[in-house]
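**Student:** Each chain, letter by letter, is given below.
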Amino acid sequence: MKDKGLGNPLQRQGVQNTIAAIIAIFIGMAVGLIVLLFTDVSRAGEGMLAILTGGVSDLKNLGQVLYYATPLIMTGLSVGFAKKTGLFNIGASGQYMMGAFAAVYVGVKWTFLPAGLHCLAAILAACLFGAVWGILPGVLKAWRGINEVITCIMMNYIAMSMSNQLIRSFIYDRAKNQSFRPAATAELPKLGFDKIFVVEGGTPSSVNAGILVAILLAVVVWIILEKTRMGYELKACGFNKDAAKYAGISEKRNIVQAMVISGALAGIGGGLNYLAGAGTGIMVSDTLAQQGFDGIAVALLGMSNPIAIIFTGILMAYLTVGGLAMQSFGFVSQVITIITSVIVYFAAFILFFSQIIAKLAKGKERSNANAESPPPADLGKGGEGV
Amino acid sequence: MSEYVIEMCHITKEFPGIIANDDITLQLKKGEIHALLGENGAGKSTLMSVLFGLYQPEKGVIKKEGREVKIKDPNDANELGIGMVHQHFKLVHNFTVLQNIILGVETTRGGFLKMDEARKKVMDLSRQYGLRVDPDALIEDITVGMQQRVEILKMLYRDNEILIFDEPTAVLTPQEITELMKIMKGLAAEGKSILFITHKLNEIKEVADRCTVLRKGRYVGTVEVAQVSKEEMSEMMVGRKVSLRVEKAEAHPGEQVLEVEGLTVVNREHGKKVVDNVSFQVRRGEIVCVAGIDGNGQTELVQALTGLIKTDGGTVKLKGADITYSSIRHRNTHGMGHIPEDRHKHGLVLDYPLSYNLVLQSYFEPEYCRGGFLKYDKINQYADKLIQTYDIRSGQGGRTIARSMSGGNQQKAIVAREIDRDPDLLIAVQPTRGLDVGAIEYIHRQIVAERDQNKGVLLISLELDEVMNLSDRILVIFEGQIVADLDPKTVTVQELGLYMAGSKREEGK
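Chains as they are written, first to last, in this note's numbering: chain S, 1 to 386; chain W, 1 to 509.
Read the hints as simulated data drawn from the structure, not as lab findings.
There's no promise every hint is true.
[To be verified] DSSO-like, lysine-lysine: derived pairs with alpha carbons at most 27 angstroms apart:
no.	chain 1	residue 1	chain 2	residue 2
1	W	K72	S	K241
2	W	K70	S	K252
3	W	K272	S	K245
4	S	K227	S	K252
5	W	K345	S	K241
6	W	K489	W	K230
7	W	K72	S	K359
8	W	K182	W	K200
9	W	K248	W	K489
10	W	K64	W	K30
11	W	K230	W	K241
12	W	K273	S	K245
13	S	K83	W	K345
14	S	K227	W	K121
15	W	K345	S	K252
16	S	K245	W	K385
17	S	K245	W	K345
18	W	K319	S	K245
19	S	K227	W	K375
20	S	K245	W	K378
21	S	K241	W	K310
22	W	K63	W	K121
23	S	K359	W	K59
24	S	K227	W	K345
25	W	K216	S	K359
26	W	K114	W	K72
27	W	K216	W	K59
28	W	K272	W	K319
29	S	K241	S	K252
30	W	K248	W	K29
31	W	K205	W	K216
32	W	K378	S	K241
33	S	K227	W	K378
34	W	K30	W	K200
35	S	K245	W	K310
36	S	K83	W	K29
37	S	K252	W	K375
38	S	K245	W	K64
39	W	K30	S	K245
40	S	K359	W	K70
With the sequences and hints as input, model every part of the structure.
**Tutor:** As structure tokens, then:
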């Protein structure tokens, strides 16, 4: 009895969640199709096809998917990690911007460093600045009980204005109204990706070693959460801080620790994005970095599971690339925003979907099991009225 | 017409890894009080949820007056005249009594509520059944006992004929329990049929006509309450002979393990001393019980001793070493065990599997952790050992999520964890609250065994039976002060009650 059903893959939590996420994606696509139909019936089919296949239409686009996925995976990890420890890090955007600034600053200024070291130093600077941006909300939450959502939002705006000001003061390219590009020695190695992800005669995709760093860090975050003492403590705090306190775990230290790691992950995301050698610096503009908020969607859809976040990050990037392809059929890019929003909206129903799947799986199990005769029930004594 | 107003025939309900109800039959006669008896996790609540339409059974049929019916949701149950008072009341706190009663079945004229009619019906019912309520009081302002009467009136207002009471006495004071028993008898006399879920044998003896016993999801039997003794019923429930008294030998107190001197805790909100200059000792080999009415500073006293809150004066010594300002981790690793008052708030991380919960204070020890990585094999082995030794029942062993376990088994897990850490001082706060006879007996035996292994035990309990049965010495706490130090062999329950109520005080205390 005990092991019955565990062999059925449909009864495993992970499988149920995956199927549920896929259902959410399908619904998102269906809504997207409806919007396309309303906009232009005659070209809706082509538009949809572009969204669905844009990411794999050629090797360059496939490379672009991985390039766009890199920062999304990082901010997704940042939000997901905090979520596992009971915190809502809505400040990934600010941490991302600070990380981006730090990486570009080191990339532009520290040209005295040799090639490999220069890049590493830039990433470490991004990590450090992101972490610092996570500390403050963490400290305020731990010692003064201030809700991290509020402080994180404020930190986002501080980061935006501050990075603009810092860029203007130190690394400003007046002609382009953006920062200088990091020196070539600070760029992430291409690892030959530019030879693979390219169309004959065109410019190669910007994909680089960053995607591997992101995947590696996702695995590291998974290990921290699932295998280490630190993960045990962080998750215990996230699930029940009173019980964690009872067990002698320092809640304050945990909150700060979680926010530091979360901030560092988002910061690295910013660094990886601008060290890609894609040919741009940081734009000076009064907008928050979208990647930080997309990270929330990525984490939600991946149920905060670091491994799942790799895939949901790639999915979001795939939609972005598909969206670019779709625009050539005269549709506005906002359609993609609608699709992603609907997917995220239905991702909130993942739990609901997986319960239905569990129920269906169980029903199937039963009709199989009914073939065997159940053991006669022991009615015991005094069976009056049976 | 059938003799029975409701029949549940051969009900089977399964959950992953566990058969909650296995071919259970329950027949309720019109106008009877029918008790449903079983340990925690025996399947009582599941069976009632099936009757109330919250779960669909895999097998079996439900009959109303001989006719087969399908109950797909609580609305169907309501239409069949089935009402339920849940263990945790389902009332809107900032609504009045009257508003709560009519909620969902409001009568209206042209979109306006006809409150006068509703008020008259409620007051008539209230008089007819002796259910005293103030229809205009807000729920948040009235006592738990009165809230329960509101729940009962809700059922009567909906003209329910079959009333389910899910452990109704768990939240009541002794006086309120007496009152409820009277109400239940009155309801039955007026022709209502009552299903009474409980594991308290005294109450069954007092009000029930018949009693159906479940054990581990199986049907054991149905008996006429008048013809069986309490011992026989508990044997049916647990499946073996149970002693309702605690067997224990003479205590042999040794050296002091806990010394409390002038301990004071001030409440941050109203600035009053909730623990007021408390001094006492616990020696090895004795069970010292802090008795008192709920809310007299017991909670704060324990939280100060275990480090969950800061003290505002006095010292606490554990095995001679001052731990007044020590961390919780220090106390945990230096010989203090703590079975907390609230097992869901402090005792368990409900979303962690059982195995993780069993190492909640020892996961960092070299045995389970190396270089920052947890040793899962070792943790699982240890969990399996505790599950075996302490007979903790769960659907999937150590992998079971704690939330899905029954209350009794959750408590067993905490007791197992705390005792197996081999503390020199065990602080147990209401360790048997809400548990059934079998589990209570088990936990009492474990506590006595700790004492007999020369450990000190500090027990905080609100149950007089438990205080009298288990302790070697009784400290009475009243308004944050220890007002008496008594010997359970010489003090009577009445006398103890006077100390607890604050109307008596020992010389020099």
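**Student:** Now, for every hint given, state plainly whether the structure supports it.
**Tutor:** Evaluated hints:
1. K72/W / K241/S: violated, 38 angstroms
2. K70/W / K252/S: Violated, at roughly 53 angstroms.
3. K272/W / K245/S: holds, 25 angstroms
4. K227/S / K252/S: Answer holds: K227/S to K252/S is near 22 angstroms, not above 27 angstroms.
5. K345/W / K241/S: Holds, at roughly 9 angstroms.
6. K489/W / K230/W: holds, 25 angstroms
7. K72/W / K359/S: Satisfied, since the Cα-Cα distance of roughly 16 angstroms is no more than 27 angstroms.
8. K182/W / K200/W: Given that 27 angstroms is the threshold and the Cα spacing comes to 17 angstroms, the pair holds.
9. K248/W / K489/W: Holds, at about 13 angstroms.
10. K64/W / K30/W: holds, 11 angstroms
11. K230/W / K241/W: holds, 11 angstroms
12. K273/W / K245/S: holds, 24 angstroms
13. K83/S / K345/W: holds, 20 angstroms
14. K227/S / K121/W: The given pair, whose Cα atoms are some 62 angstroms apart, is violated under the 27 angstroms limit.
15. K345/W / K252/S: Given pair K345/W, K252/S holds - Cα atoms ~18 angstroms apart, limit 27 angstroms.
16. K245/S / K385/W: Holds, because 26 angstroms separates the two Cα atoms, which is no more than 27 angstroms.
17. K245/S / K345/W: Distance ~10 angstroms between K245/S and K345/W Cα, so the pair holds.
18. K319/W / K245/S: Judged against 27 angstroms, a Cα distance of about 23 angstroms means the pair holds.
19. K227/S / K375/W: holds, 8 angstroms
20. K245/S / K378/W: Roughly 24 angstroms separates the two Cα atoms, so the pair holds.
21. K241/S / K310/W: holds, 17 angstroms
22. K63/W / K121/W: violated, 30 angstroms
23. K359/S / K59/W: holds, 16 angstroms
24. K227/S / K345/W: At roughly 25 angstroms apart (the allowed maximum being 27 angstroms), K345/W and K227/S satisfy the hint.
25. K216/W / K359/S: Cα-Cα ~24 angstroms, so holds.
26. K114/W / K72/W: Between K114/W and K72/W the Cα gap is close to 31 angstroms, so the pair fails against 27 angstroms, i.e. violated.
27. K216/W / K59/W: holds, 18 angstroms
28. K272/W / K319/W: violated, 30 angstroms
29. K241/S / K252/S: holds, 10 angstroms
30. K248/W / K29/W: Distance of about 43 angstroms is beyond 27 angstroms: violated.
31. K205/W / K216/W: holds, 23 angstroms
32. K378/W / K241/S: holds, 25 angstroms
33. K227/S / K378/W: holds, 13 angstroms
34. K30/W / K200/W: Roughly 23 angstroms separates the two Cα atoms, so the pair holds.
35. K245/S / K310/W: Roughly 13 angstroms separates the two Cα atoms, so the pair holds.
36. K83/S / K29/W: violated, 53 angstroms
37. K252/S / K375/W: holds, 26 angstroms
38. K245/S / K64/W: This hinted pair is violated, its Cα atoms lying about 51 angstroms apart.
39. K30/W / K245/S: Violated: K30/W and K245/S sit about 52 angstroms apart, past 27 angstroms.
40. K359/S / K70/W: It holds: about 20 angstroms lies between the C-alpha atoms, which stays within 27 angstroms.
In terms of the numbered hints stated before, the structure departs from hints 1, 2, 14, 22, 26, 28, 30, 36, 38 and 39, listed from lowest to highest.
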